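**Student:** This is what each chain is made of:
2 protein chains.
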Amino acid sequence: MVERNADVAKMGRNYLFHEIAKRKKALLEKEPGTRLINLGIGDTTEPIPPSVVEAMREAASRLGSKKTYTGYGETHGKWLLREKISEVIYNSKVSPDEIFISDGAKCDVGRMQLLFSRNVPVALQDPVYPAYMGASVLSGKTGGAQDGGSYEGIHYLPCTPENGFTPDVTTLPPGTLLYLCSPNNPTGTVLTRDQLTRLVHFARENRCFLLFDSAYAAFIQSEELPRSIYEIEGAQEVAIETSSFSKRIGFTGVRLGWSVVPHKLTFADGSSVWKDWSTLTSTLFNEASNIAQAGGIAALEKEGLASQRKLIAFYLENARLLREALSPLPCYGGEHAPFLWLPLRSKSSWETFETLLEKAKIVTTPGVGFGPSGEGFIRISAFASRSDIHKASTLLQHILLQKADVEVFKNREQQRT
Amino acid sequence: MVERNADVAKMGRNYLFHEIAKRKKALLEKEPGTRLINLGIGDTTEPIPPSVVEAMREAASRLGSKKTYTGYGETHGKWLLREKISEVIYNSKVSPDEIFISDGAKCDVGRMQLLFSRNVPVALQDPVYPAYMGASVLSGKTGGAQDGGSYEGIHYLPCTPENGFTPDVTTLPPGTLLYLCSPNNPTGTVLTRDQLTRLVHFARENRCFLLFDSAYAAFIQSEELPRSIYEIEGAQEVAIETSSFSKRIGFTGVRLGWSVVPHKLTFADGSSVWKDWSTLTSTLFNEASNIAQAGGIAALEKEGLASQRKLIAFYLENARLLREALSPLPCYGGEHAPFLWLPLRSKSSWETFETLLEKAKIVTTPGVGFGPSGEGFIRISAFASRSDIHKASTLLQHILLQKADVEVFKNREQQRT
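Protein chains in written order, with our numbering: chain B, 418 to 834; chain P, 418 to 834.
Keep in mind the hints are simulated off the structure, nothing from the lab.
Fair warning: this is a prediction, and the values are worked out from it, not measured in the lab.
Just to be clear, a hint being listed does not mean it is correct.
Treat identical chains as interchangeable: a pair holds within one or across any two.
Keeping only pairs whose Cα atoms sit at most 25 Å apart, straight-line, the calculated SDA-like set for lysine to any residue is [said to hold, decoys possible]: (1) K495 x E471; (2) K484 x S468; (3) K441 x E500; (4) K427 x T492; (5) K427 x S689; (6) K681 x E491; (7) K778 x D805; (8) K495 x S689; (9) K439 x L453; (10) K442 x W496; (11) K483 x E471; (12) K495 x E475; (13) K483 x K727; (14) K442 x E491; (15) K495 x R440; (16) K483 x T811; (17) K439 x T487; (18) K692 x R535; (19) K439 x E768; (20) K776 x H435; (21) K495 x G481; (22) K681 x D424; (23) K484 x T451; (24) K427 x T559; (25) K764 x T811.
With the hints as extra help, turn the sequences into a complete structure.
**Tutor:** Right under this line is the structure:
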């Protein structure tokens, strides 16, 4: 007699990376002992730097001594970590008080939807990281699933080579929640300062909110490209930013992130978003692990930051090698992001996923898993060992770079320009 | 123009422990340098045992080496940890596949409400841990806040000395979600096997679900008292259990817990609760920290379990000392739980909270913070150092054990019996 939440029932398909894991498992059962090259899920492969590991070991030791033991932490996270993030990541443009420590961006994306009325329209870059859609569905902001995995009621804003991967927001209703992910997962493209300025301007004019995911900001190599939405004048009145230590320092399994909710942000009724976020997180969450937070503090100290730069450089060199190998094909991303976004000869990205898995034992991510406009692409992750990148480069060349394909792509590109 | 979630607006007051923290802070600002004795929030004070600390240090080290580094973990938590919990805690009565690792019971309580339709009625033991109410309000299952901090639409089931702290469920509508916390926070009382059997029977007859919180189960000292709802025949068709490493091994800041969702549990439409929980947690959560999980595994090994027994014995001895000091007064709990539940001469528990804070510098928790029937009581936590317990015992005796009070209580007790 206990009624199911109809919103959960709408989640027709499994979460993308869960589905990929299932297919990997099926192959390994069919061909036991096969070694797969994993360029699928964007999961870090390089070890966590020594100063950060040591900080976490020390944090564990402190918990083992009567004098230094601590239990529940500070509400919204360690103040020292919040201060560090404010200084190092935001150049003090947001205050520590506006920074809320989380157990990762994905978890905060889920909680964050509870800030908003079920009537608030949601808009997504298409393709984009599927957790935004999942959180919108589960919080009752959409209709049912449609063919192709999209949801009724969500505004999908195509981001394709044709429009330079910039969402066209002109048709969005006022009061929309627009998710922006830059550097983008999966396309690896970055919104320029001009593009982002226009989006902030639009949000201010149309009283929309921007939910800006900067989980990959540390990969940006140019000072010209904004690493945070708060680099844009006026963003504090319209934007929440969510970010993470996962990709910058290898914390995908350690779990640590943060969200910025500026004091200046207000709902339609004039009430404070910060206050509601404080209520929500105090009620539904209980801080990130104190050991992870100690690691986060070390990651933002001088030695940690130097190690981080090396880690990022390593993954970006992986991306460069993959780009080079595939160079006769048009290929997006990979310069300021750990992802390459590759157009396919066949339109079915799950088919290409299967081909690469079966023939080359390479796991990729089918583009359609990121939204309808992702069909016809695959995402290739640069999170891998150097030797896997070399092997994968050769195999991908062999399978994807057949002469005929290169011609087809060249023709397509010429039509575009 | 972006609309606020009206359910968040209903959360009129701050989360209880947040409010207490504010009052503590106010006192410390007024009287700087004051050393407070904290018997308020149920926060562990003893260090984490060596074998568990060492396991976490090693886990951190493994993340620092290329050969042993791991990123994202296994969906729903490390299989080895799920196996250990199945064996050690549940005597294999639930399968590892039915155990989902979390970052703590509070966080799972929050996510769990999303399983159910907004129309599902919610019933709470009164008084009880406030997170259940918070999660129910935030997921749209209640009306607005009423005087005294209760919410319209929630069925508050008084658990008082008069009814032996057992909820009367006879008036609940079919299809209700009934939260049960045993050993109970805040009263420290435990539902007996008979009482729990009757509740399971009721749930089966009336197709209700029981959300059973066993976070304090490790404190139960008698084999006669059930440590898990699954010790009761037929519970797997009607109950979810949520639990935690926080109190059993000092993990309040490390963050690790689990929930059990049996395969046999189905919604009104016959669909699987397990499946929806799998979807929800895959979409909105991303595993507990791998370092915390390594600690959890060690906690369930032989050495860890021996240390756990010592920790529990230490806190229960604290509780015994407090009970002894207050012995002329009726006092509940503290035998199979780290909390004492003390009736007050004045009805206002916030007033007594303030008196104890001002005069004795002791932080307690006002009973009314746990629900309307908590008024007239305070909760005293036994999580403290032995020396603080001795000091607090003397101070509490001095303030609470005035001769007149004892007489009043004796008369009340006589009227009861």
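**Student:** Each of the hints needs a verdict: does it hold here or not?
**Tutor:** Against the structure, the hints come out as follows:
1. K495 x E471: both (18 Å within a copy, 23 Å between copies)
2. K484 x S468: both (23 Å within a copy, 18 Å between copies)
3. K441 x E500: Only across copies: K441 and E500 sit 23 Å apart there, 42 Å inside one copy, limit 25 Å.
4. K427 x T492: between (34 Å within a copy, 21 Å between copies)
5. K427 x S689: The answer is between: 14 Å across copies meets 25 Å, while 31 Å in one copy does not.
6. K681 x E491: Only inside one copy: K681 and E491 sit 23 Å apart there, 39 Å across copies, limit 25 Å.
7. K778 x D805: within (11 Å within a copy, 62 Å between copies)
8. K495 x S689: within (23 Å within a copy, 39 Å between copies)
9. K439 x L453: Classified as within; 14 Å inside a copy, 53 Å across copies.
10. K442 x W496: So K442 and W496 pass the 25 Å test across copies only (15 Å; inside, 42 Å).
11. K483 x E471: both (20 Å within a copy, 15 Å between copies)
12. K495 x E475: The answer is both: 16 Å in one copy and 24 Å across copies each meet 25 Å.
13. K483 x K727: between (37 Å within a copy, 15 Å between copies)
14. K442 x E491: between (41 Å within a copy, 13 Å between copies)
15. K495 x R440: Between. Shortest inter-copy distance 20 Å satisfies the 25 Å Cα cut-off; intra-copy 40 Å does not.
16. K483 x T811: between (56 Å within a copy, 24 Å between copies)
17. K439 x T487: Intra 40 Å, inter 19 Å, cutoff 25 Å: inter-copy only.
18. K692 x R535: Both, since 19 Å and 24 Å are each at most 25 Å.
19. K439 x E768: This pair counts as within: shortest intra-copy Cα distance 16 Å, inter-copy 58 Å.
20. K776 x H435: Within one copy only: 21 Å inside, 57 Å across.
21. K495 x G481: Both ways: K495 and G481 sit 19 Å apart in one copy and 23 Å across, limit 25 Å.
22. K681 x D424: between (32 Å within a copy, 22 Å between copies)
23. K484 x T451: Answer is between; shortest inter-copy Cα gap is 19 Å, intra-copy 50 Å.
24. K427 x T559: Answer is both; intra-copy 9 Å and inter-copy 23 Å each pass.
25. K764 x T811: For K764 and T811, the Cα distance is within 25 Å only inside one copy (23 Å; across copies 77 Å).
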